[in-house]
Amino acid sequence: QKEVEQNSGPLSVPEGAIASLNCTYSDRGSQSFFWYRQYSGKSPELIMFIYSNGDKEDGRFTAQLNKASQYVSLLIRDSQPSDSATYLCALQGGKLIFGQGTELSVKP
Amino acid sequence: DVKVTQSSRYLVKRTGEKVFLECVQDMDHENMFWYRQDPGLGLRLIYFSYDVKMKEKGDIPEGYSVSREKKERFSLILESASTNQTSMYLCASSLSQGYYGYTFGSGTRLTVV
Numbered sequence: 001q002k003e004v005e006q007n008s009g010p011l012s013v014p015e016g017a018i019a020s021l022n023c024t025y026s027d028r029g030s031q032s033f034f035w036y037r038q039y040s041g042k043s044p045e046l047i048m049f050i051y052s053n054g055d056k057e058d059g060r061f062t063a064q065l066n067k068a069s070q071y072v073s074l075l076i077r078d079s080q081p082s083d084s085a086t087y088l089c090a091l092q093g094g095k096l097i098f099g100q101g102t103e104l105s106v107k108p
Numbered sequence: 001d002v003k004v005t006q007s008s009r010y011l012v013k014r015t016g017e018k019v020f021l022e023c024v025q026d027m028d029h030e031n032m033f034w035y036r037q038d039p040g041l042g043l044r045l046i047y048f049s050y051d052v053k054m055k056e057k058g059d060i061p062e063g064y065s066v067s068r069e070k071k072e073r074f075s076l077i078l079e080s081a082s083t084n085q086t087s088m089y090l091c092a093s094s095l096s097q098g099y100y101g102y103t104f105g106s107g108t109r110l111t112v113v
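Protein chains in written order, with the numbering used here: chain H, 1 to 108; chain A, 1 to 113.
Worth flagging that the hints you see were computed from the coordinates, not collected in a lab. No false leads were slipped in.
When the alpha-carbon atoms are kept at most 30 Å apart in a straight line, the in silico DSSO-like pairs for lysine-lysine are as follows:
1) A:Lys57 with A:Lys13
2) A:Lys57 with A:Lys18
3) H:Lys42 with A:Lys13
4) H:Lys95 with A:Lys57
5) H:Lys42 with A:Lys57
6) H:Lys95 with A:Lys70
7) H:Lys42 with A:Lys18
8) A:Lys70 with A:Lys3
9) A:Lys71 with H:Lys42
10) A:Lys57 with A:Lys70
Stretch-level coverage of chain A by chain H, calculated; a stretch enters the list once three of its residues show a Cβ under 8 Å from a Cβ in chain H:
11) 42–49
12) 102–113
Glycine residues also receive a C-beta, built at the ideal position from the N, C-alpha and C atoms.
Given the sequences, and given the hints that come with them, work out the whole structure.
Below, the structure written as structure tokens:
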């Protein structure tokens, strides 16, 4: 059974700081990874995906993948109150397998 | 822009009723999925489909069935609604198996009384 683990949080950071969200997974053969953002009462929306080891940057977001250590992380630079949401990590295992999500709170 | 449309945003049904949740995507995606999301339990896969007329059980299929008569439409059926099926139901689609993320619909908040 493939598993994805995330700290449930809440993770609280001040406005302007870097928020670091982490995810570990059990299946060493997993190839592709996704980060979704979910605002309260809304559906998840895809914000990043990463397939290769290393970093992938998109604006204020950076996804990091380390297949040897089986973790994937999401960094949010210059965090804004509008980034406050639950962030879901998912890996592609035939179908997407989601973690429980980490709640992020950015304080003004 | 990719669109997944769920027919109802909020729904209230009585115990024992047969409930239909409809999902339509306009992106010619092969794969469609039904999840439920509950506090503390995360997203749980109910059923999925990789092709028309095809369906596969997910992690929690009991009490549910699905129908996919056309590629763009994937319906979730609660055969006899119960209060423990009160939840947020999310439909999603993806282009094909492999390196593709999912696009989610806006969700249906179902309350069974």
